[in-house]
Amino acid sequence: LAKTTQPISMDSYEGQEVNITCSHNNIATNDYITWYQQFPSQGPRFIIQGYKTKVTNEVASLFIPADRKSSTLSLPRVSLSDTAVYYCLVGDISGGGADGLTFGKGTHLIIQP
Amino acid sequence: EAGVTQFPSHSVIEKGQTVTLRCDPISGHDNLYWYRRVMGKEIKFLLHFVKESKQDESGMPNNRFLAERTGGTYSTLKVQPAELEDSGVYFCASSQLAGAYNEQFFGPGTRLTVL
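Chains as they are written, first to last, in our numbering: chain D, 271 to 383; chain Y, 458 to 572.
Looking at chain D on its own, in the form it has when it is part of the complex:
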């Protein structure tokens, strides 16, 4: 499984754009990049997934360069409610991949007023 490295913590202010970068140097050809968000006392929540280039949804954008060795989760105009732990995960989405998700330590994002 591809190992991921991301910042342990970050802080920002309301209204700012926040970018969290994840390194995954040994990503495999069939691997996708997935981000989960976890609020205190809740389970992780899937927020975005991509394979290459750029993916955007109502929550975030995910930028993946051509070599796919890193990815950047972008949260536009954050609010206090975006304070959470963000996990970058890399793995094969086909049924032949790992049977469970491999979580790292995640990035603790703190948004201040």
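Simulated from the structure, these hints should not be mistaken for laboratory data. Careful: at least some of the hints might be erroneous.
Think about it this way: if two alpha-carbon atoms lie no more than 20 Å apart in a straight line, the pair counts; the simulated DMTMM-like pairs of lysine to aspartate or glutamate are [unchecked claim]:
| id | chain 1 | residue 1 | chain 2 | residue 2 |
| --- | --- | --- | --- | --- |
| 1 | Y | LYS535 | Y | GLU514 |
| 2 | Y | LYS501 | D | ASP337 |
| 3 | Y | LYS535 | Y | ASP513 |
| 4 | D | LYS324 | D | ASP301 |
| 5 | Y | LYS472 | Y | GLU542 |
| 6 | Y | LYS498 | Y | GLU542 |
| 7 | D | LYS273 | D | ASP369 |
| 8 | D | LYS339 | D | ASP362 |
| 9 | Y | LYS501 | Y | GLU514 |
| 10 | D | LYS324 | D | ASP337 |
| 11 | Y | LYS501 | Y | ASP513 |
| 12 | Y | LYS511 | Y | ASP481 |
| 13 | D | LYS375 | Y | GLU499 |
| 14 | Y | LYS501 | Y | GLU471 |
| 15 | D | LYS375 | D | ASP352 |
| 16 | Y | LYS511 | Y | ASP487 |
| 17 | Y | LYS535 | Y | GLU560 |
| 18 | D | LYS324 | Y | GLU560 |
| 19 | Y | LYS508 | D | ASP369 |
| 20 | D | LYS273 | Y | ASP481 |
| 21 | Y | LYS501 | D | ASP369 |
| 22 | Y | LYS535 | Y | ASP481 |
| 23 | Y | LYS511 | D | ASP369 |
| 24 | D | LYS322 | Y | GLU499 |
With chain D fixed as given, assemble chain Y onto it according to the hints.
Only chain Y this time, still in chain D's reference frame:
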């Protein structure tokens, strides 16, 4: 549509006692996963059901843990006898598509404290 639910939300037991955690997945989701986070550690995979069959239980820590999913609906995770190191948060997740890296829907977790 109801999400994944877990019961109880908290459980405090003494070492040596038995505890059973329950997970109700999203209706129609054949895939059900158990994970746990023990103090200060990362969330770790325990096992994966496809319907009522155990697809992979490589993450189960030892034979004090028993998971079942009779009928392919809800699942239970029993810890017997509980030890101090079993304290942590136990998460259940379900998904419609096979493949762990497809979207999984997590429950709120059960916080287990073993005294």
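Cross-check of the supplied hints:
no.: 1; hint: LYS535(Y) / GLU514(Y); verdict: 14 Å, holds
no.: 2; hint: LYS501(Y) / ASP337(D); verdict: 29 Å, violated
no.: 3; hint: LYS535(Y) / ASP513(Y); verdict: 17 Å, holds
no.: 4; hint: LYS324(D) / ASP301(D); verdict: 16 Å, holds
no.: 5; hint: LYS472(Y) / GLU542(Y); verdict: 10 Å, holds
no.: 6; hint: LYS498(Y) / GLU542(Y); verdict: 12 Å, holds
no.: 7; hint: LYS273(D) / ASP369(D); verdict: 16 Å, holds
no.: 8; hint: LYS339(D) / ASP362(D); verdict: 15 Å, holds
no.: 9; hint: LYS501(Y) / GLU514(Y); verdict: 12 Å, holds
no.: 10; hint: LYS324(D) / ASP337(D); verdict: 13 Å, holds
no.: 11; hint: LYS501(Y) / ASP513(Y); verdict: 13 Å, holds
no.: 12; hint: LYS511(Y) / ASP481(Y); verdict: 16 Å, holds
no.: 13; hint: LYS375(D) / GLU499(Y); verdict: 6 Å, holds
no.: 14; hint: LYS501(Y) / GLU471(Y); verdict: 23 Å, violated
no.: 15; hint: LYS375(D) / ASP352(D); verdict: 18 Å, holds
no.: 16; hint: LYS511(Y) / ASP487(Y); verdict: 11 Å, holds
no.: 17; hint: LYS535(Y) / GLU560(Y); verdict: 26 Å, violated
no.: 18; hint: LYS324(D) / GLU560(Y); verdict: 18 Å, holds
no.: 19; hint: LYS508(Y) / ASP369(D); verdict: 14 Å, holds
no.: 20; hint: LYS273(D) / ASP481(Y); verdict: 31 Å, violated
no.: 21; hint: LYS501(Y) / ASP369(D); verdict: 12 Å, holds
no.: 22; hint: LYS535(Y) / ASP481(Y); verdict: 15 Å, holds
no.: 23; hint: LYS511(Y) / ASP369(D); verdict: 11 Å, holds
no.: 24; hint: LYS322(D) / GLU499(Y); verdict: 27 Å, violated
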